[in-house]
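Chemist: Okay, here's what each chain looks like letter by letter:
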Amino acid sequence: MASKLTNEAVIERIKGQFGSDILSAETPYDFLTIEVLTSKQHEIIEWLKKDEMLSISFLTNLGGVHYPEQAGREFAVVYHLQSMVNNFRLRLKIYVSKENPEVDSIVDLYVGANWMERETYDFFGITFKGHPNLVRILNEDSMDYFPMRKEYHLEDATREDKDDRFFGR
Amino acid sequence: MGKIEDLEVFNGEGYQLSRLDKVIAAARANSVWPLPFATSCCGIEYMGSMGSNYDVARFGMERMSFSPRQADLLIVAGTISKKLAPILKQVYEQMSEPKWVLSVGACASSGGIFDTYSVLQGIDRVIPVDVYVPGCPPRPEQIIDGIMKIHELVKHEGMRNRYSDEYKAKLDKYNIEVNGK
Amino acid sequence: MSTWEEEKIHDDATMESSLDTIDGSIATLNLGPTHPATHGIFQNILKVDGEKILSSEQTVGYIHRAFEKLAERRPYNQITTITDRLNYCSSPINNMGWHMTVEKLIGAEIPKRAQYMRVIIMELARISDHLVCNAVIGVDTGALTGFTYLFQQREKIYDLFEEVCGARLTTNMGRIGGFERDFSPAFNEKLKAFLRDFPAVFNEFDALLSRNRIFMDRTRGAGPISAERALEYSFVGPNLRAAGVDYDVRVMEPYSSYEDFDFEVPVGTTGDTYDRFQVRQEEIRQSLRIIEQALAKMPEGSYKADLPEFYLPPKEEVYNNMEALIYHFKIVMGETPIPAGEVYHSVEGGNGELGFYLISDGGRSPYRLQFRRPCFIYYQAYPEMITGSSISDAVLTLSSMNVIAGELDA
Numbered sequence: 001m002a003s004k005l006t007n008e009a010v011i012e013r014i015k016g017q018f019g020s021d022i023l024s025a026e027t028p029y030d031f032l033t034i035e036v037l038t039s040k041q042h043e044i045i046e047w048l049k050k051d052e053m054l055s056i057s058f059l060t061n062l063g064g065v066h067y068p069e070q071a072g073r074e075f076a077v078v079y080h081l082q083s084m085v086n087n088f089r090l091r092l093k094i095y096v097s098k099e100n101p102e103v104d105s106i107v108d109l110y111v112g113a114n115w116m117e118r119e120t121y122d123f124f125g126i127t128f129k130g131h132p133n134l135v136r137i138l139n140e141d142s143m144d145y146f147p148m149r150k151e152y153h154l155e156d157a158t159r160e161d162k163d164d165r166f167f168g169r
Numbered sequence: 001m002g003k004i005e006d007l008e009v010f011n012g013e014g015y016q017l018s019r020l021d022k023v024i025a026a027a028r029a030n031s032v033w034p035l036p037f038a039t040s041c042c043g044i045e046y047m048g049s050m051g052s053n054y055d056v057a058r059f060g061m062e063r064m065s066f067s068p069r070q071a072d073l074l075i076v077a078g079t080i081s082k083k084l085a086p087i088l089k090q091v092y093e094q095m096s097e098p099k100w101v102l103s104v105g106a107c108a109s110s111g112g113i114f115d116t117y118s119v120l121q122g123i124d125r126v127i128p129v130d131v132y133v134p135g136c137p138p139r140p141e142q143i144i145d146g147i148m149k150i151h152e153l154v155k156h157e158g159m160r161n162r163y164s165d166e167y168k169a170k171l172d173k174y175n176i177e178v179n180g181k
Numbered sequence: 001m002s003t004w005e006e007e008k009i010h011d012d013a014t015m016e017s018s019l020d021t022i023d024g025s026i027a028t029l030n031l032g033p034t035h036p037a038t039h040g041i042f043q044n045i046l047k048v049d050g051e052k053i054l055s056s057e058q059t060v061g062y063i064h065r066a067f068e069k070l071a072e073r074r075p076y077n078q079i080t081t082i083t084d085r086l087n088y089c090s091s092p093i094n095n096m097g098w099h100m101t102v103e104k105l106i107g108a109e110i111p112k113r114a115q116y117m118r119v120i121i122m123e124l125a126r127i128s129d130h131l132v133c134n135a136v137i138g139v140d141t142g143a144l145t146g147f148t149y150l151f152q153q154r155e156k157i158y159d160l161f162e163e164v165c166g167a168r169l170t171t172n173m174g175r176i177g178g179f180e181r182d183f184s185p186a187f188n189e190k191l192k193a194f195l196r197d198f199p200a201v202f203n204e205f206d207a208l209l210s211r212n213r214i215f216m217d218r219t220r221g222a223g224p225i226s227a228e229r230a231l232e233y234s235f236v237g238p239n240l241r242a243a244g245v246d247y248d249v250r251v252m253e254p255y256s257s258y259e260d261f262d263f264e265v266p267v268g269t270t271g272d273t274y275d276r277f278q279v280r281q282e283e284i285r286q287s288l289r290i291i292e293q294a295l296a297k298m299p300e301g302s303y304k305a306d307l308p309e310f311y312l313p314p315k316e317e318v319y320n321n322m323e324a325l326i327y328h329f330k331i332v333m334g335e336t337p338i339p340a341g342e343v344y345h346s347v348e349g350g351n352g353e354l355g356f357y358l359i360s361d362g363g364r365s366p367y368r369l370q371f372r373r374p375c376f377i378y379y380q381a382y383p384e385m386i387t388g389s390s391i392s393d394a395v396l397t398l399s400s401m402n403v404i405a406g407e408l409d410a
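Chains as they are written, first to last, in the working numbering: chain D, 1 to 169; chain X, 1 to 181; chain E, 1 to 410.
Derived by calculation from the structure, the hints in this document are not laboratory data.
Keep in mind the model is a prediction, meaning the values are calculated, not measured.
Glycine is no exception: its CB is placed at the ideal position from the N, C-alpha and C atoms.
Heads up, some of the hints might be wrong.
[As the list claims (entries may be wrong)] A short, non-exhaustive set of chain X residues, derived as facing chain D with CB atoms under 10 Å:
id, residue
1, Lys83
2, Glu97
3, Ser109
4, Gly111
5, Thr116
6, Tyr117
7, Ser118
8, Gln121
9, Arg125
10, Pro128
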């Protein structure tokens with residue numbers, strides 16, 4: 001089923017509304033990816049949901065990425081949104097720094113973002129302002145580090161029965 | 001499966017004479033009630049062994065007990081994470097004697113392919129295990145093979161095993177109290 | 001309409017007043033991690049007034065196996081074994097979804113025959129997944145016979161998987177570029193026998209439950225959710241279709257030649273347990289239709305794409321040909337020329353849209369691989385769906401949502 005919107009039409013409309021808040025727009029593998037100002041992310045997602053022409057009103061996925069080399073932009077939060085009416089998908093990225101990894105929560109727009117944001121917090125330590133219950137979800141509550149960050153190992157550091165030499169590590 | 005070797009029964013007029021421990025062993029081995037602690041993929045293979053193709057009902061085991069007090073055999077099938085380990089230990093402690101543990105699958109036996117920060121590398125770190133069934137997931141025939149080895153253990157259980165000192169020593173290694181003492 | 005339905009509480013504003021009970025006693029019940037009827041490991045702490053549920057608090061993560069971190073360690077062809085264990089009732093769909101994601105990243109074209117083979121395998125896996133869910137709904141209402149009938153038919157599907165890849169459950173099927181070998185004549189025979197014999201048994205199961213008075217009374221009105229709420233919770237798959245929204249990734253963004261097949265997408269109305277059951281029943285029938293069409297129209301051609309750098313060469317060539325030996329070495333050691341980039345691909349899994357968000361930096365293993373897991377996202381709605389209903393309805397709702405623990409926690 002073909003999409004009713006083209007990437008060009010969508011990016012034109014978004015830029016028409018928000019202009020310089022859209023820092024970049026690319027189409028890797030024909031999938032519109034925009035990077036926006038972190039402070040405007042909530043407003044943009046809300047406008048996308050309510051706009052008549054776009055009606056991008058379904059949150060597909062929410063996840064984090066850790067880029068330890070990029071100074072000042074270590075953590076990315078990637079939102080995958082889609083419009084079921086127009087059959088169109090959009091990827092929205094924001095970057096935050098390691099010192100202050102705080103992002104506005106979108107739980108008030110999409111109830112399903114609740115657990116997705118908790119998972120991102122559990123794995124990366126990115127805090128979501130306005131989240132009703134930001135605690136760990138998949139890992140143990142007593143865990144004191146954020147395991148998906150690149151500096152931590154996959155294996156449990158305290159295990160003593162497996163000799164790393166034989167396991168190729 | 002059910003046949004107890006050297007179970008001699010002398011029949012008389014209105015009475016039968018036999019060895020008590022052999023009769024009790026026959027009764028126990030032919031009606032082990034399992035507690036399926038099925039977590040993940042091995043649980044689906046265990047459910048397959050409950051189906052009619054592989055049928056554990058012929059061993060008298062189709063009555064699954066989810067209450068630990070009424071179960072004899074704890075079948076741990078699937079990955080046990082560190083978050084779940086205290087719960088597994090609690091379930092084991094609540095079971096009444098005599099009890100056996102069957103560890104189904106690679107994840108329960110040793111952590112399997114998941115050598116990660118969140119997976120317990122084998123349930124024998126928290127509870128004593130009697131039989132390990134390797135596989136990822138093991139075929140239902142393998143699970144039944146493990147169950148038959150448990151039956152061998154049940155048949156040779158004896159009457160005083162759970163009161164012995166070496167049993168208490170085994171459980172002390174895991175910091176578990178012996179039930180019914 | 002029973003009195004339960006009349007008193008169903010969906011509005012948070014009335015929640016406070018509903019906590020005043022007749023004699024002021026609210027019990028806390030732990031629908032604890034070890035469930036009867038083997039659904040999986042997740043905990044719900046319920047506050048109940050008699051039999052009526054007032055609120056529910058969930059804990060998940062009891063089987064968190066760190067798939068996403070594990071994927072950053074492994075080369076691309078070894079990640080298939082991890083994807084198996086996501087929704088393990090229908091693992092071929094996860095495998096094919098992963099292969100398609102990598103093929104999208106490297107820009108590979110897959111021959112038509114391989115695509116049709118993938119469709120057959122994925123639809124068989126979908127049937128297998130829905131059979132588990134519906135059998136377990138039957139078990140939770142007390143109908144254990146249906147379970148034994150359907151699991152015997154699942155053994156036939158396992159036989160088919162074993163013909164193709166050697167494993168029953170965690171199949172690790174296919175490769176980046178197609179399949180390891182063509183379907184054997186034995187597979188075709190078994191598939192035809194399955195298509196001939198399965199509908200009769202399935203219709204027997206349907207006759208047992210679909211219009212059964214007791215089953216309908218138990219499941220109608222149990223755990224409903226409206227379409228608007230479902231979309232807010234990012235529902236997908238049969239749960240969303242039971243609520244009334246006909247969103248199916250196979251129709252919206254066809255992959256692997258799904259546009260060549262003629263099938264319908266069943267949609268429910270109220271989103272309760274009965275609708276979810278019927279949607280899955282109908283989807284099994286539609287999957288059988290797709291398999292028959294694919295088998296009838298199967299094109300001639302190759303079962304694999306020509307990707308020497310990603311697809312292991314045949315052993316005779318490895319032993320005789322220097323180039324094949326080098327390719328074999330590089331693929332096994334994980335030195336494949338994966339380009340850098342990011343791609344998102346989704347397939348219609350047993351529970352809905354299973355998405356793979358892959359960021360590659362050109363290295364041996366992914367930089368970041370995130371699984372968009374439908375179970376994790378829609379299980380959040382469970383407290384809302386059971387508030388106001390009885391405990392037995394809560395158990396039925398849980399089993400009809402088909403929450404697979406492997407996909408929930410990853």
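Chemist: None of the hints should be skipped; say for each whether it holds.
Modeler: Verification of the hints:
A hinted interface residue such as lysine 83 (chain X) counts as satisfied when its beta carbon comes closer than 10 Å to some beta carbon of chain D; here the least separation is about 5 Å, so the hint holds. For glutamate 97 (chain X), the interface hint is violated, since its Cβ never comes within 10 Å of a Cβ in chain D; the closest pair sits about 29 Å apart. At about 13 Å, the closest approach between the beta carbon of serine 109 (chain X) and any beta carbon in chain D exceeds 10 Å, and the interface hint on this residue is violated. The beta carbon of glycine 111 (chain X) comes within 9 Å of a beta carbon in chain D, closer than 10 Å, and the hint placing it at the interface holds.
Satisfaction of the interface hint for threonine 116 (chain X) is found here, the shortest Cβ-Cβ separation to chain D being roughly 6 Å, below the 10 Å cut-off. The closest approach between the C-beta of tyrosine 117 (chain X) and any C-beta of chain D is roughly 5 Å, which is under the 10 Å cut-off, so the hint is satisfied. Using the Cβ-Cβ criterion of 10 Å, the hint placing serine 118 (chain X) at the interface with chain D is satisfied: the shortest such distance is roughly 6 Å. Checking glutamine 121 (chain X) against chain D by beta carbon gives a least distance of about 6 Å; that is within 10 Å, so the hint holds.
For the restraint placing arginine 125 (chain X) at the interface with chain D, the shortest Cβ-Cβ distance is roughly 9 Å, inside the 10 Å limit, so the hint holds. A cut of 10 Å between beta carbons decides the hint on proline 128 (chain X): the least distance to chain D is about 17 Å, and the hint is violated.
When the structure is compared with the earlier hints, violations turn up for hints 2, 3, 10 and for no others.
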